[in-house]
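Q: Residue strings, one per chain:
Number of protein chains: 2
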Amino acid sequence: MELPATLSDAETAQLDAHWRALNYLSACQLYLRDNPLLREPLRAEHIKPRLLGHWGSAPGLGLIYTHLNRAVRRHDLEAMCVWGPGHGAPAVLAGAWLEGTYGELEPGRSRDAEGMLGLFRDFSQPGGLPSHTAPDVPGSIQEGGELGYSLAHAYGAAFDNPRLLVCAVVGDGEAETGPLAAAWHSGKFLDPAHDGAVLPVLHLNGYKIANPTLLARVPEDELDALLRGYGYDPLHVTARPDTPHEETHRALAAAFDVAVERIRRAQREARARTTEPGPSGARPGAAPETDPEADPYAEPGPAHRPRWPLLVLRTPKGWTGPAQVDGVPVENTWRSHQVPLSGVREDPEHLRQLEEWLRSYRPDELFDAEGRPTGQALACVPEGGRRLGAVPHANGGRLLRELPLPELEPHAVKTDGHGQTMHEPTRVLGEMLTELFRATRRRRDFRLFGPDETASNHLDGTFDATPRGWQAHILDTDEHLGRHGRVLEVLSEHMCQGWLEGYVLTGRHGLFASYEAFAHIVASMAGQHVKWLQSSREVAWRRPLASLNYLLTSHAWRQDHNGFSHQDPGFIDHIMNKSPQVVRVYLPPDANTLLCVADHALRTRDTVNVVVAGKQPCFDWLSLDEARGHCARGLGVWEWAGTEERGGEPDVVLACAGDVPTQETLAAAALLREHLPGLAVRVVNVVDIARLMPRSEHPHGLPDAEFDAVFTRDKPVIFAYHGYPWLVHRLTYRRAVHGSLHVRGYKEMGSTTTPFDMVVRNDMDRYRLVMDVIDRTPGLSVRATGVRQAMEDVRTRHHSWVREHGTDLPEVAEWSWSATSR
Amino acid sequence: MELPATLSDAETAQLDAHWRALNYLSACQLYLRDNPLLREPLRAEHIKPRLLGHWGSAPGLGLIYTHLNRAVRRHDLEAMCVWGPGHGAPAVLAGAWLEGTYGELEPGRSRDAEGMLGLFRDFSQPGGLPSHTAPDVPGSIQEGGELGYSLAHAYGAAFDNPRLLVCAVVGDGEAETGPLAAAWHSGKFLDPAHDGAVLPVLHLNGYKIANPTLLARVPEDELDALLRGYGYDPLHVTARPDTPHEETHRALAAAFDVAVERIRRAQREARARTTEPGPSGARPGAAPETDPEADPYAEPGPAHRPRWPLLVLRTPKGWTGPAQVDGVPVENTWRSHQVPLSGVREDPEHLRQLEEWLRSYRPDELFDAEGRPTGQALACVPEGGRRLGAVPHANGGRLLRELPLPELEPHAVKTDGHGQTMHEPTRVLGEMLTELFRATRRRRDFRLFGPDETASNHLDGTFDATPRGWQAHILDTDEHLGRHGRVLEVLSEHMCQGWLEGYVLTGRHGLFASYEAFAHIVASMAGQHVKWLQSSREVAWRRPLASLNYLLTSHAWRQDHNGFSHQDPGFIDHIMNKSPQVVRVYLPPDANTLLCVADHALRTRDTVNVVVAGKQPCFDWLSLDEARGHCARGLGVWEWAGTEERGGEPDVVLACAGDVPTQETLAAAALLREHLPGLAVRVVNVVDIARLMPRSEHPHGLPDAEFDAVFTRDKPVIFAYHGYPWLVHRLTYRRAVHGSLHVRGYKEMGSTTTPFDMVVRNDMDRYRLVMDVIDRTPGLSVRATGVRQAMEDVRTRHHSWVREHGTDLPEVAEWSWSATSR
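From first to last, the protein sequence lines stand for chains R and Y.
Heads up: the first sequence runs through residues 1 to 822, numbered per the UniProt record's numbering.
Heads up: the second sequence runs through residues 1 to 822, numbered per the UniProt record's numbering.
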């Protein structure tokens with residue numbers, strides 16, 4: 001590809017000075033604990049005792065930092081950068097220090113010799129700066145440790161930020177991961193009218209830790225076809241070890257110019273087609289009178305999807321570092337991945353080579369006597385908030401606004417007593433979200449993400465307010481697809497999660513709704529986000545973000561035709577292992593509690609909220625007011641469901657958490673009331689499972705005295721729990737009552753079967769719970785033996801009935817609390 | 001693309017009869033509980049009361065089943081098929097029943113009206129057949145529930161199976177997932193000389209549950225570029241609702257013929273270049289004398305990687321089903337995803353439409369009066385073991401051979417007392433694996449998979465026996481890359497896991513070595529594999545498979561420069577939630593125990609073994625003989641490390657599991673011996689953590705009496721555990737001693753820091769353990785108060801030392817058991 005040569009020699013020299021400064025600062029972070037400006041000859045005592053860190057990708061990232069700076073100034077861009085490559089922190093830290101943002105955020109990082117030395121010393125030191133981009137790194141929204149999510153983060157950042165350009169640097173190591181491979185398709189969800197742009201830079205430096213990378217070793221035409229197939233129009237810039245740096249600067253500057261121009265043209269065209277945001281931008285001639293809300297954006301036909309530009313930048317790994325060490329090639333091989341020169345304190349030749357390497361950047365030209373960068377080194381740096389380390393989007397809490405959350409009353413289920421009616425909880429939530437979508441129609445700072453399951457999860461009411469965003473072909477037979485929709489569906493949990501992370505990290509709000517079992521697909525991403533939030537709490541200048549919200553539905557207990565593979569409640573366990581400051585798990589038992597929990601979750605900051613709720617019809621246990629009180633407490637006694645006298649202690653506690661366990665528990669309570677009327681039964685429902693933990697271990701933990709008041713200290717507690725039963729044991733093992741606690745839950749006894757057969761298989765059914773009560777409550781009358789046998793008999797009857805009829809026993813299928821409670 | 005018309009009219013009619021039979025059988029599985037052959041008019045009582053199942057992808061999968069059959073016969077192929085699309089089971093079950101394999105495997109599936117009806121009745125019924133391919137489905141190695149892994153499974157199946165062709169049907173829904181998007185690159189790891197072939201069939205039926213699919217809606221040239229970019233040479237076959245079926249049969253048959261011919265040519269060429277398997281196939285002119293073992297396969301230069309063929313098959317979703325229902329389009333829309341006609345028992349028009357639909361396949365021509373398929377319907381079916389439901393590879397246990405596992409003695413660390421020397425456990429294991437690679441040089445039924453970390457994980461000794469397999473360009477500067485290597489590295493845990501699954505599911509052995517924290521990336525895949533194995537146990541004809549083995553190393557405690565993002569020991573928790581029949585977790589404390597554990601794991605069948613072991617130098621605690629005994633018991637008292645009298649009970653138990661916890665525990669024991677010599681301390685080490693569980697909950701669980709004999713019933717137990725401490729509580733909460741158990745472990749207090757600072761931050765350091773002992777042991781002398789203060793003082797000293805020096809306290813860094821034990 002021919003690129004116009006746009007750079008003057010003077011500007012080239014300025015860019016090169018900035019880049020050399022970044023390279024110098026990057027290399028010094030690995031090595032120096034003194035003599036930061038090399039004002040004296042380098043000696044062993046200037047070198048850190050432990051050499052830790054990564055050089056390999058730093059020069060390439062520095063080059064991108066430099067040229068993105070130039071593009072921001074030249075094109076007056078509002079731009080941020082997502083730094084994908086692992087261990088890229090030295091270059092990004094160098095950039096933030098050099099442009100002054102680091103010093104403005106952290107007092108110890110002043111733009112002088114002292115701040116420079118502090119940076120060098122803290123890098124890869126105990127408790128110091130990690131070698132991948134992390135919350136400590138100004139301008140970053142990306143943990144560079146795990147690899148795979150940069151591109152999805154970048155698109156999440158770009159959604160609903162029409163003025164923003166997000167540069168996404170994708171390393172060729174990261175590019176081998178599945179999540180990254182899928183995320184290239186994100187362009188088919190980017191609305192050029194309302195969203196910003198993503199400019200991916202595929203940075204091929206050729207090597208991972210110890211191997212070449214795939215994409216660097218396939219023929220260039222094959223790579224080009226791949227990227228065109230993903231929907232991009234690639235611009236290739238290649239630097240080899242012997243390519244003059246000026247040549248690379250010219251080629252890369254021109255490529256950025258071409259890319260920015262193409263992006264602007266695509267946006268101009270798309271925005272001209274869309275006269276204003278929102279429904280009024282709908283195609284003239286649509287027929288609103290037939291279905292005014294359902295599909296206001298429909299625009300069947302081929303997409304006007306731009307072929308977005310993409311840069312393929314090939315630079316040698318460890319470029320400008322030592323070409324050879326001890327006779328072995330290092331630059332442009334995997335050997336430059338970490339510290340190219342080792343044993344520098346002990347080996348005078350290595351020390352000499354290090355000094356030669358560092359001086360090759362001519363630090364004297366880059367920094368004055370006090371260590372302040374020279375004008376030449378700073379010429380390409382943008383002003384103020386346009387600096388990459390100062391872009392507010394990369395510290396999204398600065399832009400965060402409270403959501404205009406709807407009143408719950410109009411959406412709440414009207415109840416008349418407990419368990420008299422049934423509703424689908426997620427459908428009720430969907431109505432509330434619909435209003436939220438309407439309320440954010442112009443702000444566009446709330447989105448719903450999911451893997452092709454919004455309708456399946458009964459959240460399709462939201463399509464009344466906004467369709468699914470879709471930039472590919474739309475057919476006349478399609479429903480609820482539109483160019484500007486804020487529900488995004490793709491059959492990749494990784495993309496959904498990555499987009500949502502990018503969206504909230506840049507100061508917006510959202511929800512990821514998924515089949516419960518498949519949340520595990522993003523377990524690792526969720527864990528990394530928790531770590532990001534936990535680490536951010538220790539970074540003073542990071543502002544609180546909207547929480548990351550999961551709605552897990554289509555849960556383990558109701559997989560009537562999907563069976564065993566769709567049954568896994570263990571995401572809760574995974575989350576509950578993580579930092580208690582960050583993690584929250586809610587198990588609302590009905591529609592109104594789900595509304596309250598969702599309302600709460602959308603107001604929280606800097607947490608990861610996991611809400612598990614069913615989509616199938618579920619008894620309405622609580623009025624909205626009761627639900628509010630119950631959710632505020634997080635757990636509580638449902639006095640109306642038990643049989644104890646006020647003020648006394650019960651004989652037994654039936655506890656439950658989750659919608660199906662709650663139903664079985666209430667049915668068991670009804671059976672006990674009928675068959676063992678003298679037994680004082682207390683029913684406890686738990687919404688916020690962290691309440692079970694000691695206060696010392698989780699901020700939501702209930703103080704012991706309050707816990708004991710609810711659960712007693714020594715009465716039998718039969719606990720029906722939504723997930724793996726041992727989680728309840730692990731949360732409560734320090735409680736007085738723990739020795740009397742008996743938990744039922746999902747224990748991997750799954751199949752394609754009926755709802756009630758699922759609870760029977762896992763010993764969590766109402767009859768089993770009654771048997772548990774009888775087995776564990778001392779001093780029951782002889783009558784109890786007969787009751788126990790009757791329960792056993794129903795279970796036996798169930799087994800033959802379900803085999804014969806394929807349905808549940810009529811007495812179970814038709815059961816309701818209202819019928820039993822007279 | 002032009003394709004030759006190779007089919008005669010007679011053969012076309014035969015193929016169409018087979019396909020119609022599959023469609024008929026698929027549709028009937030959703031609806032019928034009687035009148036299987038439609039010998040009488042369809043009535044409401046013939047219809048199942050609950051209509052569950054999925055029709056959408058069945059006709060397309062049936063078409064592929066038919067044509068793969070034809071290709072097997074025509075080209076004398078040894079072929080199997082991996083069925084990727086979700087909910088594809090009806091078509092595959094139909095195929096297996098029709099060809100007779102199902103009836104041979106399961107008595108109730110005879111190839112007559114009775115067997116047919118049994119299939120219809122059991123489908124999607126409680127405890128019956130799921131609607132995605134599962135272990136119940138003959139010929140399948142693929143759980144069709146989660147989506148994303150078919151292509152990786154197919155490549156795993158093809159590795160080292162040079163005669164096998166694996167057809168991989170990839171649904172366009174599945175194709176949106178990350179793991180699938182990455183797995184297209186698997187061709188760059190497929191050795192055409194020693195591996196079989198994978199023929200992907202990208203099946204675009206246009207829709208997921210409720211949405212169009214991405215790949216079906218991008219322009220065809222864009223899709224074609226994408227697939228070429230992935231390294232394939234696509235053949236496109238497109239059927240629209242009005243395309244005559246004969247035309248599609250001709251086009252698809254021709255496409256299969258072209259694909260098979262191209263595969264054979266590529267294999268012939270590659271195999272001609274490689275005169276025989278193994279090192280002797282090395283490039284003439286290599287210089288073995290310089291380094292005979294290290295790189296015997298090196299063949300620098302561009303790859304002779306074939307452009308493998310790939311079929312893009314477009315068929316309408318729900319093809320041949322009802323075009324419209326109640327005036328709404330169903331065929332060729334997402335509405336055909338599940339049951340196209342609902343309420344059939346109640347709605348006479350739907351019943352009529354169902355009958356018309358089913359009769360459109362002309363069942364009278366396909367089945368005789370007894371329900372046996374006619375010759376016409378069976379004409380394309382291969383013989384015997386070539387039938388897709390009978391291929392032995394798809395029931396891999398039939399092909400499994402015992403591994404020639406090396407003797408451990410030559411690889412074991414020679415010890416002279418306890419803790420006198422140090423070794424890197426994974427490096428020691430690597431030597432054993434090297435011999436295993438040598439011993440399987442010709443059999444080629446063992447492989448090591450990992451994400452670019454074999455060297456980083458100190459397993460690079462294996463390269464002495466076999467290089468990393470690589471079919472892309474090789475440079476002169478590369479090391480340990482070769483065309484025929486059996487170590488496969490790609491920076492995608494999903495691909496590593498998927499390949500290994502496919503490899504073991506087809507009857508071979510392997511190991512996946514990964515950074516511990518990043519095992520979570522494949523948590524969901526691991527869970528699905530456990531479910532597959534658990535379900536397989538209930539399928540009589542499934543033969544035991546080699547276990548799926550994980551080596552998790554570079555673990556949480558030693559992430560000196562990677563820090564917080566690389567610290568997550570929770571994969572153990574995830575695995576321990578799953579079916580106890582299947583899951584095993586081992587925490588060998590040193591090199592010799594790791595050898596024993598690995599040897600054991602490689603001998604087991606049908607389990608998932610998670611082995612967590614460090615790569616850093618670690619004290620050699622046990623001789624090989626001691627390690628053997630210790631591993632056989634799974635846990636045990638280390639008498640040499642404690643101070644109790646024989647036969648008595650100790651005052652306190654120090655327990656540990658994992659290499660770092662063991663070191664801290666032994667250091668604590670040494671401190672106690674020195675400072676509180678009167679205290680009777682018992683040291684217990686746990687290798688197999690399921691031993692902690694009750695026997696009733698895990699087959700490895702230790703009976704209570706034995707457990708109590710080791711841990712006591714009431715003495716304080718201070719347990720230093722590798723992972724999240726609460727796991728130990730959850731495993732032991734039923735044990736007598738549980739109330740006295742105090743567990744230390746990783747509690748998310750991570751950073752970039754020194755090894756000892758990590759244990760201090762998480763309160764698992766030796767000094768803290770001694771303090772725990774003092775705090776929890778009643779009746780200690782006043783001297784203990786002083787000792788406690790001394791411990792506290794060292795911890796304080798540590799904090800300032802590490803901040804100042806960036807290294808650990810000398811007394812910790814230089815500590816050894818041998819020095820303390822005189």
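It is worth saying that the hints were derived from the structure and are not from the lab.
Some hints could be false.
One copy or any two copies: either way a pair holds, since identical chains are not told apart in the list.
As the list claims (entries may be wrong) - Taking lysine to any residue and the SDA-like style, the derived pairs with C-alpha atoms no more than 25 angstroms apart in a straight line are:
(1) K414 x S818
(2) K747 x T604
(3) K188 x A44
(4) K414 x E383
(5) K188 x R33
(6) K715 x H473
From a predicted model like this one, the values you see are computed outputs, not experimental measurements.
Q: So, for every hint listed, does it hold in this structure?
A: Comparing the hints with the structure gives:
1. Taking the shortest alpha-carbon separations for K414 and S818, only the intra-copy value of 15 angstroms comes in at or below 25 angstroms, while the best inter-copy value is 73 angstroms.
2. When the C-alpha separation of K747 and T604 is checked against a cutoff of 25 angstroms, the pair qualifies only between copies, where the shortest distance is 24 angstroms, while the shortest distance within a copy is 32 angstroms.
3. For the homomeric pair K188 and A44, neither the shortest alpha-carbon distance inside one copy (55 angstroms) nor that between copies (46 angstroms) is at most 25 angstroms.
4. Taking the closest pair of Cα atoms, K414 and E383 never come within 25 angstroms of each other, the shortest separation being 56 angstroms inside a single copy and 65 angstroms across copies.
5. Taking CA atoms no more than 25 angstroms apart as the test, K188 paired with R33 passes in neither setting, with 48 angstroms inside one copy and 44 angstroms between copies.
6. In this homomeric assembly, K715 and H473 never come within 25 angstroms of each other (Cα to Cα): the closest approach is 63 angstroms inside a single copy and 70 angstroms across copies.
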